[in-house]
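Protein chains: 2
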Amino acid sequence: MRQWISTFAEGGADQRRRLGGKGAGLAEMVRAGLPVPPGFTITTDACLAFLRQDDLPEGLVAEIDDALSQLAKESGRRLGDAINPLLVSVRSGAAVSMPGMMDTVLNLGLNEACAAGIAAQSGDERFAWDAYRRFIQMYANVVAQLPLERFEARLEQARHEAGVQEDRQISAPILRRVVEDHLALYAELAKSPFPTDPRSQLLSAVRAVFSSWNNPRAKVYRRVHSIPEDMGTAVTVQAMVFGNRGEDSATGVLFTRNPNTGERALTGEFLQNAQGEDVVAGIRTPLPISRLKEAMPECYRQIAEVSELLERHYQDMQDIEFTIEEGRVFLLQTRSAKRSSRAAVKTAVDMAAEGLIEQRAAVARVSPEEVAGLLHRTLDPKAEHDLLAEGLPASPGAAVGTIVFDAERAAEQGRSGQSVILVRPETAPDDVHGIVEAAGVLTSRGGMTCHAAIVARGMGKPCIVGCETLRIDLAQRRLTVAGRTLVEGDLITLDGSSGKVYVGQVATQEPDLGPEVGVLLGWADQMRRLGVRANADTPEDSVRARELGAEGVGLCRTEHMFMAKERLPVVRRMIMAEGTEERQAALDQLLPMQRQDFMGILRAMAPHPVTIRLLDPPLHEFLPHISDLEVEVAVARERGEEASDSYRQAAGLLRRAKVLAEANPMLGFRGCRLGVVYPEIYEMQARSIFQAMAALRKEGVMAEAEVMIPLVGMRQELALMRELVSRVHAEVSHATGVTMPLVVGTMIEVPRAALTAAEIAEEAEFFSFGTNDLTQTTFGFSRDDAEGKFLPAYLERGVLSDNPFATLDRDGVGALMKLATEQGRSRQKKLKVGICGEHGGDPRSIALCQELGLNYVSCSPYRVPVARLAAAHAAMAAEEVS
Amino acid sequence: MRQWISTFAEGGADQRRRLGGKGAGLAEMVRAGLPVPPGFTITTDACLAFLRQDDLPEGLVAEIDDALSQLAKESGRRLGDAINPLLVSVRSGAAVSMPGMMDTVLNLGLNEACAAGIAAQSGDERFAWDAYRRFIQMYANVVAQLPLERFEARLEQARHEAGVQEDRQISAPILRRVVEDHLALYAELAKSPFPTDPRSQLLSAVRAVFSSWNNPRAKVYRRVHSIPEDMGTAVTVQAMVFGNRGEDSATGVLFTRNPNTGERALTGEFLQNAQGEDVVAGIRTPLPISRLKEAMPECYRQIAEVSELLERHYQDMQDIEFTIEEGRVFLLQTRSAKRSSRAAVKTAVDMAAEGLIEQRAAVARVSPEEVAGLLHRTLDPKAEHDLLAEGLPASPGAAVGTIVFDAERAAEQGRSGQSVILVRPETAPDDVHGIVEAAGVLTSRGGMTCHAAIVARGMGKPCIVGCETLRIDLAQRRLTVAGRTLVEGDLITLDGSSGKVYVGQVATQEPDLGPEVGVLLGWADQMRRLGVRANADTPEDSVRARELGAEGVGLCRTEHMFMAKERLPVVRRMIMAEGTEERQAALDQLLPMQRQDFMGILRAMAPHPVTIRLLDPPLHEFLPHISDLEVEVAVARERGEEASDSYRQAAGLLRRAKVLAEANPMLGFRGCRLGVVYPEIYEMQARSIFQAMAALRKEGVMAEAEVMIPLVGMRQELALMRELVSRVHAEVSHATGVTMPLVVGTMIEVPRAALTAAEIAEEAEFFSFGTNDLTQTTFGFSRDDAEGKFLPAYLERGVLSDNPFATLDRDGVGALMKLATEQGRSRQKKLKVGICGEHGGDPRSIALCQELGLNYVSCSPYRVPVARLAAAHAAMAAEEVS
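Residue numbers (our numbering), protein chains in the order written: chain A, 1 to 882; chain B, 1 to 882.
It should be emphasised that the hints constitute simulated quantities derived from the structure, not laboratory data.
As a list, the in silico DSS-like pairs of lysine-lysine whose alpha-carbon atoms are at most 30 Å apart:
no., chain 1, residue 1, chain 2, residue 2
1, A, Lys818, B, Lys818
2, A, Lys293, A, Lys338
3, B, Lys338, B, Lys219
4, A, Lys818, A, Lys830
5, B, Lys818, B, Lys829
6, A, Lys565, B, Lys658
7, B, Lys818, A, Lys829
8, B, Lys658, A, Lys658
9, A, Lys818, A, Lys829
10, A, Lys818, B, Lys829
11, A, Lys658, B, Lys565
12, B, Lys830, B, Lys818
One-sided and incomplete, this derived list gives chain A residues near chain B with beta-carbon spacing under 10 Å:
no., residue
13, Pro618
14, Ala663
15, Met714
Over 12 Å on every C-beta distance to chain B, these chain A residues come out as not near it, computed from the model:
no., residue
16, Arg17
17, Glu156
18, Val164
19, Glu229
20, Arg301
21, Glu566
22, Gln596
Beta carbons: idealized from backbone N, C-alpha and C, even for Gly.
Take the sequences, apply the hints, and build the full model.
Rendered as structure tokens:
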């Protein structure tokens with residue numbers, strides 16, 4: 001048994017961590033008796049050892065020599081042999097797929113003598129020199145890290161001199177000259193001659209692949225996809241087979257099902273007389289796999305058979321690379337296919353229906369973010385639109401944004417909150433940080449499996465590729481198509497599901513989820529333990545939330561109701577009131593409006609509970625901005641209009657706004673502080689809630705309202721408010737003769753509430769974590785100020801690994817939630833505990849909520865399906881732990 | 001042994017909780033053989049039982065009867081006996097003195113028959129009817145709770161009919177008519193006749209005194225003085241002696257030392273031919289005690305002897321009430337004297353010097369707030385002033401404020417942050433809430449021991465009483481003196497040390513502490529375990545802090561240095577900079593200025609450490625206000641001045657200010673967030689600190705700077721900043737060749753820092769609790785917004801018992817401090833932990849810091865003496881516990 005190396009015959013799918021996805025997949029295929037060119041895998045352990053000591057670990061070279069001997073036996077060719085030379089590919093392969101992120105060298109083993117040998121053996125001199133030319137370029141780029149463009153420029157020149165358009169039209173003698181030219185260029189740039197010893201070529205290539213684990217684009221990719229840093233990559237060394245040996249050769253990539261729709265049909269592309277990287281790089285636009293049936297029917301049959309076998313073997317949709325060398329099919333790689341959200345759901349549900357996997361596995365296999373991806377809005381078919389161009393629908397969903405022509409700028413503007421569409425001829429791994437921040441991606445080249453397509457699909461972002469009618473002028477920062485010119489900053493709309501690009505903004509509509517989602521979420525509901533509620537402030541939201549599976553409203557904010565156009569004057573009258581009596585008069589006017597609001601929401605959600613939060617924002621939010629008023633007053637004064645009514649009104653509002661102004665509104669006179677000082681406001685709200693509930697119950701609608709007191713930090717605050725609400729409850733019950741429950745609870749959204757939760761729990765039926773505010777106060781930064789100013793730098797410099805407003809901060813906020821839940825329940829055994837911050841719709845946060853023993857999460861209606869699935873995952877994870 | 005009652009002969013000073021201060025003091029005097037009228041005390045246990053069941057406890061009445069029999073034996077008189085009637089006083093007496101807060105009934109035992117008996121026995125009919133008249137009034141007021149004014153009005157009428165000015169001039173026949181009149185009035189108001197049975201008079205009076213424990217002014221007093229609610233009051237029943245039996249009778253109050261200066265000289269007042277309440281109530285202005293020497297030399301000698309005996313007995317300055325009845329001296333009460341801060345310190349130090357008490361006791365006896373009282377500013381003798389009037393200097397210190405004529409308004413305006421002077425003819429217990437919020441008190445009547453004087457002294461507030469030239473017109477809300485009229489809202493200045501009242505604001509100056517403070521604090525320093533540092537931003541502050549005993553600077557803020565007039569333009573240039581280079585140029589200009597600042601402070605404090613906090617506030621604080629700029633720009637536009645330079649400059653500042661504007665500056669881009677994003681700013685500051693330290697060390701000054709990183713919430717923030725500071729330290733050490741310590745630590749001022757303190761401690765040599773911000777983030781309210789808007793209501797409604805910005809919140813903020821200290825030290829054993837929020841100068845907060853095991857507190861220079869004493873008290877308390 002070797003320490004650092006495993007031949008394909010020795011490995012298997014279960015050794016993924018050690019052999020990488022590629023190495024394990026090849027070994028597994030060999031084990032299954034499939035046609036795989038022979039080879040071996042240098043393990044991730046060797047990579048980690050190399051990265052630690054910056055040198056190949058002891059014993060590895062000897063093991064490589066040994067493996068090469070065995071490879072010679074299996075392939076009948078020998079590395080460096082002039083008569084019967086073996087060429088190998090050297091590829092990276094990490095345990096978690098990182099497509100295109102690390103480096104690959106093909107055709108390794110060539111030098112003058114071997115090239116001549118290949119030419120003689122194959123009878124195809126052109127092929128031999130072309131292979132040698134390709135090898136030099138790749139080696140120069142990947143191993144010696146020389147600029148690829150310099151080599152490409154020479155090739156371009158050769159095409160020019162030969163008077164041809166495509167590389168494959170270049171003749172053997174010219175290619176031979178290109179090789180000589182490349183060797184000279186290499187020596188010049190590298191300041192040392194090109195290595196002619198195939199064994200030392202191999203060792204250098206292994207080193208380069210190992211090192212590529214730490215290249216910047218790989219690091220960015222790992223950060224974006226939360227892949228650990230200390231996994232390392234394996235290196236697979238495999239005998240080359242050639243798809244570019246003539247028209248009976250081909251190379252291709254296929255998916256066992258449609259990665260976009262999930263339909264059960266082979267989907268993919270191939271290129272005749274080409275090497276694999278030609279497909280992946282998107283330089284030539286390939287043909288759909290169905291065309292292979294006509295071109296090479298027997299090969300197609302073989303491939304279809306193997307595909308089915310592999311899918312059954314792995315119980316998952318596969319992404320397969322194959323090469324046909326002179327009519328013989330070879331499999332080069334298989335892996336679980338990246339797929340669109342829709343395909344992920346459909347595949348999982350279908351496979352469970354087909355009996356391939358269990359329901360549990362189907363639920364586990366779809367990520368909450370994939371379900372989120374399905375919730376993308378689509379274009380409204382009835383909306384006016386101005387079609388600009390059409391490309392391949394690489395990743396579904398609609399995106400509207402301004403055109404940006406490079407990843408840098410896309411990243412920058414995206415981070416600053418703009419919606420941008422990254423438009424490129426093609427994308428490369430260097431562009432990933434721009435894709436992360438863009439709303440969508442549009443390329444003029446590439447196929448469904450090109451870089452842009454794969455990355456965007458993985459991120460659930462709309463993407464259109466191969467939109468070949470676009471002429472992109474990067475230097476002038478503009479694009480032209482059919483005589484129209486758009487410049488950077490112009491607005492366009494992508495429909496990633498149809499591949500259509502529109503000028504300007506096209507109206508979008510609710511997403512159509514497809515029938516499989518409902519089935520999958522139904523299974524998820526049976527597995528999860530957390531309840532899922534929605535945050536909804538209107539009857540419409542409540543209806544939508546129920547449709548999406550919400551089991552109640554976890555947060556109904558009342559402030560938006562105050563903002564309605566016809567109410568704002570009344571609300572302002574309340575705020576401008578000089579005393580309790582005047583304020584009461586305004587409140588009396590608001591009462592029936594509020595009751596109407598609550599009736600709508602309670603009716604929509606009955607018999608599920610609706611948690612209504614009493615007024616939370618500071619009162620000045622209902623007045624015009626102070627600086628607008630100041631300018632209005634100053635300008636009026638300048639014009640000598642002090643006598644006008646509008647001046648007097650503005651001056652009055654300004655006076656009051658100044659009294660109410662706060663240095664830090666987040667930390668100001670809001671939440672239950674309003675209720676303690678102006679009990680009449682909360683009293684009006686409580687009265688309208690109970691009146692609404694009573695009216696509905698008289699109708700036979702089992703409305704369930706829960707009253708939530710915001711921003712409590714001291715037990716006594718809640719005690720006072722509870723007393724008030726209880727009194728109103730008793731009054732309304734008495735007046736209406738309706739018996740109804742009295743459920744009063746509080747948000748836990750300042751640290752002090754968590755720290756003194758035991759005491760507070762004595763006044764509460766429930767706690768609901770307001771994690772937006774709790775995060776702000778725990779960290780001591782406000783979301784608006786942080787995200788606009790320093791949070792990007794914090795994420796970039798690794799001060800924070802996640803945006804704490806998106807994913808719960810386990811160590812800080814999580815610690816307070818744990819304390820509050822434990823302390824609260826220690827005093828009030830049946831205390832219901834939920835979360836209603838935005839984190840309630842974030843899968844990792846939901847997992848934390850499950851861990852902390854919460855009863856439910858509440859999130860925006862559109863996140864409800866995501867939360868249902870995430871809760872099921874969290875429950876399964878919890879079962880595994882226990 | 002009786003259950004509910006203790007006769008004077010049975011009790012003693014050690015039974016204060018059970019017998020109250022008055023009962024225990026009388027018993028102790030009896031035990032010491034002093035002349036005390038006989039009596040007994042109904043215990044606080046009886047009071048608590050009464051309050052619980054709203055009825056006298058079982059057995060009490062029988063015990064009272066028994067005690068009355070014994071009293072009859074001792075006094076030779078019997079309650080209700082027509083021939084030889086006994087009159088008693090019924091007084092409240094709590095364990096902790098609450099002067100004037102609860103009720104008293106004198107002359108109890110009178111009815112028609114007994115009054116006649118007294119008249120016959122004393123041969124003074126006028127005295128008998130006057131006593132009866134007084135008794136009816138007091139009983140009506142205290143027991144039956146009838147309005148005193150109605151009785152006073154009848155007496156007034158009697159004076160008018162008799163054509164006399166003073167009560168003592170009213171003749172016996174008229175007084176007898178007044179008595180009848182009073183009895184009729186009583187029956188009318190109470191709707192039942194005046195009780196004529198002395199025993200039932202007594203039982204009702206006992207009930208009334210017990211109930212008075214819960215009257216509103218007593219509750220306010222207890223809240224202000226942090227006295228527990230569940231102590232109850234005792235009732236002392238004592239045979240009456242009469243100071244109003246003619247010119248050989250008198251009544252008085254004296255202090256064994258001067259309660260204002262601490263000088264060892266009898267100080268007090270007496271009134272001839274008067275009852276005790278005439279002195280306390282301030283109705284007649286009494287004579288100084290020294291005049292008693294001339295009036296009744298033998299009595300004076302006896303009193304002086306007894307005073308010395310009592311002081312030695314109690315080892316403390318005594319406040320003694322006495323009555324002289326026809327030449328015989330009786331002591332009615334003795335208690336530890338309330339005294340001015342200066343007197344408290346001088347008395348404690350003197351008594352230790354006299355060998356009366358130990359140093360430890362001397363330190364224990366002075367409260368930190370008394371030392372704080374000494375730190376009051378005094379009037380600048382060189383300042384211009386406009387003397388208005390002169391009264392008695394009842395409580396020292398200078399106060400400037402606007403005149404307010406009632407306690408309600410004083411409380412209201414004081415709470416809203418105005419400085420007000422409460423001006424009244426005299427004050428009563430009902431006025432306490434106004435005195436609490438006033439800056440000072442001025443009365444036109446009363447002596448040094450009147451209500452206003454005692455209460456103000458206890459609170460350390462300037463107070464002038466007996467300013468008899470003032471004519472106060474409460475109805476018109478104005479005062480006149482010597483032809484000048486001032487109205488409510490006018491500004492005056494009080495000098496409580498001289499008794500002078502000035503019109504307008506008079507400049508004040510540093511306080512003169514007197515030599516005893518230094519001695520006392522020296523003793524305290526030997527006892528305390530907490531270090532005491534000062535918060536100082538300038539060399540001047542640092543010098544002052546050292547003089548006051550600071551052992552280092554715990555917080556040196558650098559932002560004020562940036563605000564200096566000549567620097568602001570440079571600072572603004574730095575802020576307006578378009579890129580790092582431009583910013584660096586401005587920073588290069590600031591560097592030598594900062595170095596100069598630090599050299600001054602480090603030099604002043606060497607060899608003590610100076611903890612320098614790097615820049616903390618958000619950058620927009622250094623720009624003009626955004627709304628000012630907006631108005632400037634709008635007005636200039638209105639005037640068509642868009643071409644002017646000033647318009648352009650304002651517009652530029654406005655643009656930048658808008659970019660930097662924050663919704664919540666408290667929670668914004670500040671603290672180490674600035675340092676992470678603009679490392680060049682912190683680098684400049686670190687460089688100037690180390691350059692300053694190096695330069696001083698080269699001079700032989702052992703400067704010690706510690707670098708403090710503000711607002712850390714994540715370990716990685718501190719790690720990055722620590723790396724930066726270490727690098728600069730190494731560079732400066734290398735460049736200057738000076739070896740100097742590298743001490744880097746952080747403020748703990750957001751909850752997350754406390755929650756993750758173990759990790760953060762790995763990057764820190766010290767923690768310093770920034771409890772101002774920590775309180776704000778823990779409660780989720782900002783100090784400015786809270787104190788201006790809802791905190792007063794919270795304190796009033798008992799939502800909070802203390803202002804958490806003045807006294808540390810034990811349950812919330814304290815819990816985080818405990819966690820941070822324990823967690824920090826678990827990872828970094830030698831971690832130095834301090835506090836630099838304003839709480840560092842608050843005695844109760846200092847006690848908490850001691851309890852949590854902090855190493856030092858840091859406070860404003862003027863609080864340093866307070867902190868030194870408070871730390872000694874905390875150490876003594878800790879020793880007692882352990």
